[in-house]
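The sequence shown begins at 85 in our numbering and counts up by one.
None of these hints come from the bench; they were simulated from the model.
There could be a bad hint or two in this list.
Said to hold, decoys possible - Taking lysine-lysine and the DSS-like style, the derived pairs with C-alpha atoms no more than 25 Å apart in a straight line are:
1) K323 x K221
2) K215 x K292
3) K221 x K292
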Amino acid sequence: MATTTRWTVVIKVPTPFKMIDPKMASSLTANTPHWVLIRNASSEASTQRPRAPHRARKYAKYTSYFLLSSVFGLVTIGAGIFIHDAFTYTEKHAERVPHSPLALYLERGGPNNLPIVSLQVDDEDDEEHKKLAEKPKLVIVGGGWGAMGVLQKLYPGDYNVTVVSSETFTTFTPLLPSAAVGTVQVWSLVEPIRKIIARLRGHFVRGKAVDLSMSEQLLEVETLSASGEPCRIYIPYDKLIIAVGSTSSTHGVAGLEHCFQLKTIGDAQNIRRRVMGI
């Protein structure tokens, strides 16, 4: 009598591994080695693989975060400063700034009854300005070589200096030909007058001297008001230096007035434009 042997396959799969596919289990036989069963059960590839992070997207995300946070921070800081100023500084603080009433509300006088600039707004800023306000008033008319030479020779604290000039800068005229042909730049030839007189703690008035009252020691200056309208004022002086320079003369030569001159920055720029054909 023939006997039939039945085999039962039992597969033990570790917990980290996935269970064996039923289709694969049906194809196994009793003679299949145990290590093959384990191999077949543990080497099944996952159907979903983790996606690699996209570098460009990650970079753009953090860059946008940085920009948004920077803009938000700047706006917040600016708003905080404006709010602080709005609640801290009011019109009452203007009354605490040391100044003389005559510096803001000029008294009138002189032959033409014009405003007299007897005091400056910064004359009471500190002790040095207060001492300078009591010094002799030295008024220099002009911003050329003569005026700059005087300013270089003065010692701080000797005079209360005021410079009157129609230009806010002085020009190094020997290099004007180089500026006309483009060898040097125009801005390298000028020096602000306010920067020069800062050593002396002086004052600068942009205007043109038009008259002089020697009996009352008043210099009449044509300048612009705070609204931009032309006006005339008096500047008192104890000593006056007139260093306005000279003007070009044609010496009676007909047609010479139509030629180019070379005395100012404007003259050098005009020659440069003509050379370049602009």
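Going through the hints against the structure:
1. Under the criterion of a C-alpha separation no larger than 25 Å, the hint pairing K323 with K221 is consistent with the structure, at around 6 Å.
2. A threshold of 25 Å between alpha carbons decides the hint, and for K215 with K292 the separation of about 28 Å lies outside it, so the pair is violated.
3. Proposed proximity of K221 and K292 is supported: the alpha carbons are some 18 Å apart, at most 25 Å.
Hint compliance for this structure: hint 2 alone is broken.
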